[in-house]
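Asks: Here the structure of chain A is known, so what remains is to put chain B in place on it, guided by the hints.
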Amino acid sequence: MKHTISVLVENEFGVLTRVAGLFSGRGFNIESLSVAPTLDPSVSRMTIVTRGDDRILEQVNKQLNKLIDTIKVTDFTGQDYVEREMALVKVTAEEDTRAEVLRIADIFRARVVDVTPRSYTLEITGAPTKLDAVIDLLKPMGIKELVRSGPVVMGRGQ
Amino acid sequence: MKKTGSQILLECLQQEGVDTVFGYPGGTVINIYHDIADYPIDHILTRHEQAAVHAADGYARTTGKVGVAIATSGPGATNTVTGIATAYMDSVPMVIITGQVPTPLIGNDAFQEVDIVGITRSITKHNYLVQDIKDLARIVKQAFYIARTGRPGPVLIDLPKDIQVASAKFEYPEKVELRGYKPTYSGNVRQIEKAASMILAARKPVVYVGGGATGADASEDLLAFAEMTQLPVTTTLMGMAAFPQRHPQALGMLGMHGTYYANMAVTNSDLLIAVGARFDDRVTGKIASFAPHAKIIHIDIDPTSIKKNVRVDLPIVGELKDVLNNLSATLSKQSEKLAAMIESSAGWRAEIADWKSSHPMAYQPSDTVIKPQYVIEQLRELTSDDAIITTEVGQHQMWTAQFFSFSQPRTFLSSGGLGTMGYGLPAAVGAQAAFPERQVIDISGDGSFQMNSQELATLVQYKLPVKIAILNNNYLGMVRQWQEMFFDRRYSETPMELPIDFVKLAEAYGATGLRATKPEEVGEVIQKALATPGPVLMEFKVDREENVLPMVPAGAAINEMVLAS
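Chains as they are written, first to last, in UniProt numbering: chain A, 1 to 158; chain B, 1 to 565.
No lab work stands behind these hints, which were simulated from the structure alone.
Be careful, since some hints might not be right.
As the list claims (entries may be wrong) - Straight line, CA to CA, 25 Å or less: simulated SDA-like cross-link-like pairs of lysine to any residue:
hint, chain 1, residue 1, chain 2, residue 2
1, A, 66, B, 309
2, B, 321, B, 246
3, B, 2, B, 104
4, A, 62, B, 295
The shape of chain A in the complex, shown without the other chains (with noise of 0.2 Å):
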């Protein structure tokens, strides 16, 4: 099952390899992490997207939980949160498909925000299933290149 936690630490040097490192050293997979300094500038938030049974989990939220530079581990999974990611995506766009493409991104509410004669570029934001629906869109026309940030949540309300 899949898992998005948030992870608050110290905003200190070396930390973001010990979060990794944990889930390296104990067979555990992060499918993508993102990282950056809160409101707070001495305190960093880190979405940790994973998978794992129940038992997985509890361990994977001990051991962040263990960690010195550790200040809060929160599991979304299950909770009512907000979840927003965004992606690059470099599209071929030839002169049969540069219509399609912006077309495409018009219906997602994708910007174009580079363009050459050869290729937009994309930017698109919203949960990761959106993306995912764009860049299988999009595939057809010739992906150049993709970029995604990995998913950063927020639990909603309060």
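Replies: Okay, now just chain B, sitting in the frame of chain A:
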């Protein structure tokens, strides 16, 4: 007044009450070594950095204080890795200080540079690279606090040379502030009440004690709890000395080389109370068949230990002393129910007594060849009750656990989790440095001894009267045993055929060497060694193909024991 970084470090050690450190000098710690003479801190020079860490570990395990080791950068730092991993696996409080190349050179592959913080990340409880002298005192304070609180463990501080040389005002912080680190000390009251109810309802309960009981200094509390409830008590290798092994309720060790009665009791139990133990695979054997009928209560200060390997019906996170005392208090309020439980589990105690008498821990004695178990029994007979025993790793280690019958906490030092050959001799250095007047004995095999035999020099230089007992079978005995039992006796690379003269080796270092080749010489040699001042090496030429039994083959259930060769 301003002080240099190396002075600040030493001031901090002094503030933490450190009286002895173990280490090895080098270019990047030369300033610390220059200044250490000005401080009331004894330094013991081992002959290898690994040994310095094991010695600090031995010091920590016997005293309960934080052990301290110092090594230089690069090879000095990498040599500490096995020692640090050993301490990490066995939850030993320790601070390791490594020198580092000056900060402007870090990352440039400078001479003797290594990313020791990166290397030790997964084998330390926490580690630091000091980047600013202003952080040094705070980091040292935090390191000691982290090392000794919660589940103890090693903490490494990597200290660049330019920071040792720089100067700053010294102020030792009064408090430690770590917003993410708050160990749980008090067990949840409701969970403790539930545990009491489960104990009162049990008919076949067993207590299973691990090294956490020693770490928490909870031996007395454990004894009081056990005597009050009359519960049988089995221990892991690490928990061995936490419960007096000659106590009528003691079942000895469980698991791969555990006693028949401990393994049978656990397998047939209806309630298993794990106390500071982590269900290592050497204890559980095949997980699916481990304590199949038992509900499990797991008491531990480290939440990650709970439900890691086995299902747990009732977790209690907390400090063992606190939890055991509260559990005892809760039970004492229900004295009638407790008396009823004790009465109704009489049949269980009788069943265990039958297993004990039908399959006691025993071996085939001999008049002609020295049995290794006999040497252990003789050592037990002839040493004092508070003698500190260290071991290396292998057959001799298991025989010591099976036959030494420990009676006092912090008297058995052995590498349980990592299984580090070469641990015992340097650990004995640390134990003897901590307790110069007590008997300290390193029980060793001929293979393990050769992993850190250079520490004979440390013993002689510092007049540490450690007695070493080598059970010499000219084999890497435990691997040979596996080859015999599971690999058709193909003794690949396990015979240690080169006949080393261990007596001469001891003498070469300026220690005393003694040898026994016949059973009747064993007692005499031990007595002579104990009466001889200074370090003494005893070599016992033992039965070459004696096996450690009982044995649970790897992957089998713990009641599927091989009982005889």
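Asks: Against this structure, judge whether each hint is valid.
Replies: Evaluated hints:
no. : hint            : in the structure
1   : 66(A) / 309(B)  : holds, 17 Å
2   : 321(B) / 246(B) : holds, 22 Å
3   : 2(B) / 104(B)   : holds, 23 Å
4   : 62(A) / 295(B)  : holds, 23 Å
Hint violations for this structure: none, all hints satisfied.
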